[in-house]
Structure formats: C-alpha cells, structure tokens
Amino acid sequence: MKIIETERLILREFLPSDDIDFFRMDADSRVHRYLGNTPTTSIEQSREIIANIRQQYVTNGIGRWATIEKSSGQFIGWSGLKFITEEENNHVHYYDVGYRLVPAYWGKGYATETCKAWLEHGFTTMDLKEIIGCAHEENIASRRALEKSGLTFVEKFIWKDITCDWLKITREKWEVLNRKV
Amino acid sequence: MEISTLRLLLKEVSSDDISFIHTLNSLPEVDQYNTLGIPENIEVTNTLVSEIIVAQTVIPRVRYVFVIVDQISNDCMGVCGLVMGKPNYRNAEIWYKLHPNYWGKGFASEAVQALLDVGFNTFQLHRIEAGCATENIASIRVLEKSGFILEAHTRKLLPIRGEWVDNFGYSILEEEFAARLK
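Protein sequence lines correspond, in order, to chains S and L. Heads up: the first sequence at position 3 corresponds to 3 in my numbering, and the numbers run straight through without jumps. Heads up: the second sequence at position 167 corresponds to 348 in my numbering, and the numbers run straight through without jumps.
Keep in mind the hints are simulated off the structure, nothing from the lab. Any given hint could be a false lead.
What the hints assert, rightly or not - Coverage of chain S stretches by chain L, computed from C-beta distances (three or more under 8 Å per stretch; other residues unrestricted): (1) 145-153; (2) 169-178.
Said to hold, decoys possible - In silico SDA-like links for lysine to any residue, alpha-carbon gap of 25 Å or less: (3) S:Lys148 - L:Ile341; (4) S:Lys156 - L:Arg188; (5) S:Lys148 - L:Ser352; (6) L:Lys286 - S:Asn89; (7) S:Lys108 - L:Ile318; (8) L:Lys286 - S:His136; (9) S:Lys129 - L:Ala319; (10) S:Lys168 - L:Lys326; (11) L:Lys286 - S:Asn90; (12) S:Lys148 - L:Lys326; (13) L:Lys363 - S:Glu155; (14) S:Lys148 - L:Thr315.
In this text, a Cβ means the ideal position worked out from N, Cα and C, and glycines have one as well.
Construct all of the structure, not just a fragment, from the sequences and the given hints.
Quick look at the structure:
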C-alpha cells in the first residue's frame, strides 16, 4: 500500500474497514460547524463516502487519504488532494487540498502538516501547476493552516449559501518556498 | 509629484505630515512586521521627515515618499514609497504602510498600482521589487494580487524588535505589468 509519511503522521488510501472511524468523525457536529452543519447520521453514509473516495482513486488517480497519528496509531481524519469535477466558484477540473480532523486532534498543527505534505505530493509527484484550498470565511483555524502552507487568499465565493474563502498556491511559489538553500 | 487613483491621492511628504507619520509609526500593529521601530520621541520622526524632504532636492531623484490621502475626506491613511536602484538596472523597490483604520479595503493594493504605474510608465523602469516578512499574510496578499511574483525566501534578513525575521522577496517585470493591463 502506498503511504506518505510526515514527521508525526502516516497518510494512506482509505480502506472499507475505515468505516467506523470515518463515521465517528463525520457524526461529530463540531466537525461540520463550518461545512453546513449536516453531520452524518448513519454508518451507511460513511461507507458510501469511502466507496466514493476509493472510486476517485481509480478515476482521478487521487482522492482524500486516511490520516493516522504515528504515536498512537489512531485514525485522526482525512487529508489530501481531490480532483474537483463539479463547478465551484466558476472553476472546474482543478485540484483542491483539504483536511478534516477529529476534534481531539485539533490544535496540534496536524492540518498544516498534512497540507504541506500534500502540496509537495501535488507539485512533485503529480506535477500540478496550482492547487486550490477553500474554507468557510469564519473558519480561522483552517484559513491559518492553508496560509501557513503557502496558499494566499484570492477571493470570497458562495458555497451552499455559505461565504467561503478561495485560496491558491502556484507551483512557482511553492518551489520558492521549498528551495533548499 | 502627486498621483491620484480612484479613491486616493498620493502627495509627497512635507513637514505638515510629521504628526501623522509619528502617530502611524507608533502603532504596534504597524510596527509588527516593520524594521523601522516605534519612534522613541517626536525628534526621531522629525529627523526621518527631514531626510525625506532633503531627498526631494537631490538630482537625480532616488527616493520618493508619499502620504496616502483619502480624496473625499482628505484624511491621511498611510504612507508609501519608491526607491530607485542603480540607473542602468532600471529597477526600484516599493513599500507601503497603512493605518489600521484603513486596512481591509483594498487601499494598499490601490496605492501599489499607482506606484507601479509611475514606476513603469513614468520612470520607464524594467523591474520593481517589494518585500515583506514571511508572516505578513496581508502584505503577501497585496503583492500577489498586484501581480508580483515570489522570488526569494531570504533567511533572517529583517531585524524586528530584537529578532531576525525571514523575508519574502517579490518582483514584477515591465512585461508582466503590461500583460496585466490587457
């Protein structure tokens, strides 16, 4: 199985057996505060989502991956790139970097750590030209993780009646940020 | 030299601006990513403004410092400047500093546009640079929105309140500025 390793985390593709962990995360209303407040209500929904993600691995070559904390071996959420095929903010067919973490693991810099790892994967292994990141305009923690990773705010846009921030990083910029001097 | 934009007027600094500049430079929010430092007393600002005024008499001109004024209210909103490099390089560095009351409304970007316009169209420059502390997200946004490209992550360049802080070096070329106008 392919894995990506960061300082404190292991990133790997989702497996059907992640269903319980996934459901626990997505059933938590705190996780959905800035996502439209519709937490998952049945494990079946989570199984469908995992199946959908695994299909994206095949169709798009990439999708969000499971994120495991090395020290505890615990599933802490998902992170990674997603190829967006439905129009968002007048854009389609672009790569979005994201993360969704279990609240117990918030505030440790994990979102930033995954974001940086995925930018590296996107710009090196996948040879992408630019990567987008979005967050609810009030989700300061998420905005901060994206900005610390090098994304810059471009504009606001509306997603499902929610005002969100659209951020972007180009390959050019990422290369400068990661130049080994 | 005076430059007007949609909402702003950029006027070269005069001794009338000492009080505003002193207030501006004394704000912790303005000092946060700045290397100038909060002035100990008004004398420090007097000296600073005197140097700016002297630079206005040097031929050829190298240093331009403008107060940014709201066209409608005539309030001072900030300062900005352009410093020429070696003549044969045809380059310059720009900078800007706004009072927090005027943050978040696109005024810095508008002032930067005015400086780029003067630099490329009036002074016929080839390259304009700007820098900011790597943590200065707001300034990063102004520069990237204005078409600047990140070139350098300079380690521990800026002396800010006793610490060495990393700098992002940005630039925009004449052909890049021209392309944006299309």
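Hints and how they fare:
Figure legend: the region 145-153 of chain S, annotated as covered by chain L; annotation consistent (3 residues with Cβ-Cβ distances under 8 Å, at least 3 required). Residues of the region 169-178 of chain S with a Cβ under 8 Å from some Cβ of chain L number 4, which satisfies the need for three, so the listed coverage holds. Among the hinted pairs, S:Lys148 with L:Ile341 is consistent with the structure: their alpha-carbon atoms are about 20 Å apart, no more than 25 Å. As the CA atoms of S:Lys156 and L:Arg188 are separated by approximately 22 Å, the hinted pair is consistent with the 25 Å bound.
Under the criterion of a C-alpha separation no larger than 25 Å, the hint pairing S:Lys148 with L:Ser352 is consistent with the structure, at around 21 Å. The suggested pairing of L:Lys286 with S:Asn89 holds, with an alpha-carbon distance near 22 Å, which does not exceed 25 Å. The hinted pair formed by S:Lys108 and L:Ile318 meets the criterion: a straight-line CA distance of about 21 Å does not exceed 25 Å. For the hint pairing L:Lys286 with S:His136, the CA-to-CA distance comes to about 20 Å; that is within 25 Å, so the pair holds.
The straight-line distance between the Cα atoms of S:Lys129 and L:Ala319 is roughly 24 Å, inside the 25 Å bound, and the hint therefore holds. Our distance criterion of 25 Å between C-alpha atoms is met by S:Lys168 and L:Lys326, whose separation comes to about 11 Å. Restraint check for L:Lys286 and S:Asn90: satisfied, since their Cα atoms lie roughly 24 Å apart, inside the 25 Å limit. The suggested pairing of S:Lys148 with L:Lys326 holds, with an alpha-carbon distance near 18 Å, which does not exceed 25 Å.
Our distance criterion of 25 Å between C-alpha atoms is met by L:Lys363 and S:Glu155, whose separation comes to about 21 Å. For the hint pairing S:Lys148 with L:Thr315, the CA-to-CA distance comes to about 10 Å; that is within 25 Å, so the pair holds.
Violated hints are absent here; each numbered hint is respected by the structure.
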